[in-house]
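All chains should be modelled from the sequences, with the hints used to inform the complete structure.
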Amino acid sequence: MDALEFLLTRRSRPAKLLKAPAPGREELLKLLTAAARVPDHGKLEPWRFVVIEGAGRERFAKAIRARGAETGQDPDKGALAFEQAPLAVAVIGVPRQSEKAPAIEQTLSAGAATLSLVNAALAAGWGASWLTGWPAYDHDLLAAELGLGADEWLAGFVYIGTCEATPPERPRPDVPALVTWLDG
Numbered sequence: 001m002d003a004l005e006f007l008l009t010r011r012s013r014p015a016k017l018l019k020a021p022a023p024g025r026e027e028l029l030k031l032l033t034a035a036a037r038v039p040d041h042g043k044l045e046p047w048r049f050v051v052i053e054g055a056g057r058e059r060f061a062k063a064i065r066a067r068g069a070e071t072g073q074d075p076d077k078g079a080l081a082f083e084q085a086p087l088a089v090a091v092i093g094v095p096r097q098s099e100k101a102p103a104i105e106q107t108l109s110a111g112a113a114t115l116s117l118v119n120a121a122l123a124a125g126w127g128a129s130w131l132t133g134w135p136a137y138d139h140d141l142l143a144a145e146l147g148l149g150a151d152e153w154l155a156g157f158v159y160i161g162t163c164e165a166t167p168p169e170r171p172r173p174d175v176p177a178l179v180t181w182l183d184g
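Taken in order, the sequence shown gives residues 1 to 184; the numbers are from our numbering.
Careful: at least some of the hints might be erroneous.
Quick list of in silico lysine-lysine cross-link-like pairs, BS3-like style, CA-CA up to 30 Å [said to hold, decoys possible]:
no., residue 1, residue 2
1, Lys100, Lys30
2, Lys62, Lys16
3, Lys43, Lys30
4, Lys77, Lys16
5, Lys62, Lys19
6, Lys43, Lys100
7, Lys77, Lys62
8, Lys77, Lys19
9, Lys16, Lys30
10, Lys19, Lys30
No lab work stands behind these hints, which were simulated from the structure alone.
Okay, structure coming up:
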């Protein structure tokens, strides 16, 4: 399939449908390398990746459940995806001081890296999805479990694994209704 056809038909796979196996380290590094090829004004690399797998994934899911009980958040809405999918990658936004690249450009670059990781995984034949949920916004949890720095933030969790089912198509935007043409 050519690249444009892939982008026109891509479909995320829900974390609950992802099973083992997941990509090994060598293949995952290739996917992360593809994810890092995004617009990055000033070559700041305003993002980094934390791979959550194996015992680390189980530990993180337990920490989410404990934090949910402590804060009144629904533990299932936070932990289930980590218990179901065999691998997750946290894409961390890392703001850098720069006169060339304002904070919004760095934020957009982190989002682009997140989407590029999803697309790289899908293009390589894996199932993948980008999710957040309340744990993505709990800085104390992320600092304790993923080593998030004081100024860092989470762009998203990308879940990757094997998916044998194709989810049903969902409604898509009416693109012509979203376009304004300045042609005259």
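Do the hints match the structure? See the list:
At roughly 29 Å between alpha-carbon atoms, Lys100 and Lys30 fall within 30 Å of each other, so this suggested pair holds. A threshold of 30 Å between alpha carbons decides the hint, and for Lys62 with Lys16 the separation of about 17 Å falls inside it, so the pair holds. Distance restraint check for Lys43 and Lys30: the Cα-Cα separation of roughly 20 Å lies within the 30 Å cut-off, and the hinted pair is therefore satisfied. Simply put, Lys77 and Lys16 have alpha-carbon atoms about 12 Å apart, close enough for the 30 Å limit, and the pair holds.
Taking the CA atoms of Lys62 and Lys19, the gap is near 19 Å; set against the 30 Å cutoff, the hint holds. The straight-line distance between the Cα atoms of Lys43 and Lys100 is roughly 10 Å, inside the 30 Å bound, and the hint therefore holds. Distance hint between Lys77 and Lys62 is fulfilled; the C-alpha atoms sit about 13 Å from each other, no more than 30 Å. This hinted pair checks out: Lys77 and Lys19 have alpha carbons roughly 18 Å apart, not beyond 30 Å.
About 24 Å separates the Cα atoms of Lys16 and Lys30, which keeps this hinted pair within 30 Å; it holds. Taking the CA atoms of Lys19 and Lys30, the gap is near 20 Å; set against the 30 Å cutoff, the hint holds.
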